[in-house]
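Q: Here are the chains, one letter per residue:
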Amino acid sequence: MWLQEISPYTWAAIGTALAIGLSVTGAAWGIFLTGTSLLGAAIKVPRIRAKNLISIIFCEAVAIYGIIMAIIFQGKYSYVENPTAAPLAIFAGFALFWGGVTVGFANLACGVTVGITGSGCALADAQNRTLFVKILVIEIFGSALGLFGVIIGIVMTTSAKFN
Amino acid sequence: MFSELLSSSLLLQGNTPETPAAAPFFGFIGCTAALVFACFGAAYGTAKSGVGIATMGIQRHDLVMRCIIPVVMAGVIGIYGLIIAVILATGITPDGYTYFKAFAHLGSGLSVGLSGLAAGMAIGIVGDAGVRAVAQNQKLFVGMILILIFAEALGLYGLIVALILSTKKSE
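Protein chains in written order, with my numbering: chain A, 1 to 163; chain B, 1 to 171.
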């Protein structure tokens, strides 16, 4: 069937690319969401600049998850003589593709969430100093979603070997 | 003799009509759907209620820690997706994986994922409105929690169906 006739390397390479590409998209989205609010609020309240950089760092961590997973996935990408005749290679191709999609989209959602919450954190901190740590708790809940993606990406691809 | 050689070589390769090599594709869709859609729901719930909490905290900073409950419930939706995704990912093996198992896993993942997406969105919207209302009138706190519990139950229904489907045996 056509699923088995497409080279497993297609699936594996696209999965690796989606893992890093979508994770970085999520991180970038989060950074600009938080950064714009932080810079705008800091005009009148410059004291919030240093502490709220931690929200930016939470978004960057999402991109780090993506690059770690992409490096793990590309490490499994090795040469096999006739891949469409080797069910183990076909399995590895599917595992890497869907593992990459999982990591990518989970990190995309995580990055946007951390960005929105970080933006709220900066604006609340500008009004009342005590709110920073309380809203940061919400950001930590948000960043757990990226970790879920990483866990499932690893569990999916542990038994994925091309040879 | 040639047909015996062919069938034995197919068995060695693992790509038999009972356990086709294309079956894991569908199993993995289920695993991905379980996690990704539940994450989208949890993300929406966290972000939407987070904005509400950041806003109401300016007026009533003493109520903020109590109002983090919608965020916790949205996180639990993410956990539901994670549980099923782990069960499915460990169940998808290169050998002995039939279309029966593959499509059961697909259904399982889609059920927890899409229910989690819906439940997460409901928790987010109710949480946002709820915390803003609690800042104005504290008596509404219990009402908000009751509505959030009903929304969380929707994700639980998806988890129940997913657990039943993922443990389906073909014998």
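Everything labelled a hint here was simulated from the structure, so no lab data went into it. Hints may be right or wrong, so weigh each one.
[Said to hold, decoys possible] With the C-beta cut set under 10 Å, the calculated list includes, among others, these residues of chain B facing chain A: (1) P24; (2) L88; (3) P94; (4) A153.
Given the structure is predicted, the values throughout are model-derived calculations rather than measurements. We treat Cβ as the ideally placed atom computed from N, Cα and C, and that holds for glycine.
Q: Tell me, which hint numbers fail for this structure?
A: Hint 4 is the one this structure does not satisfy, whereas the remaining hints hold.
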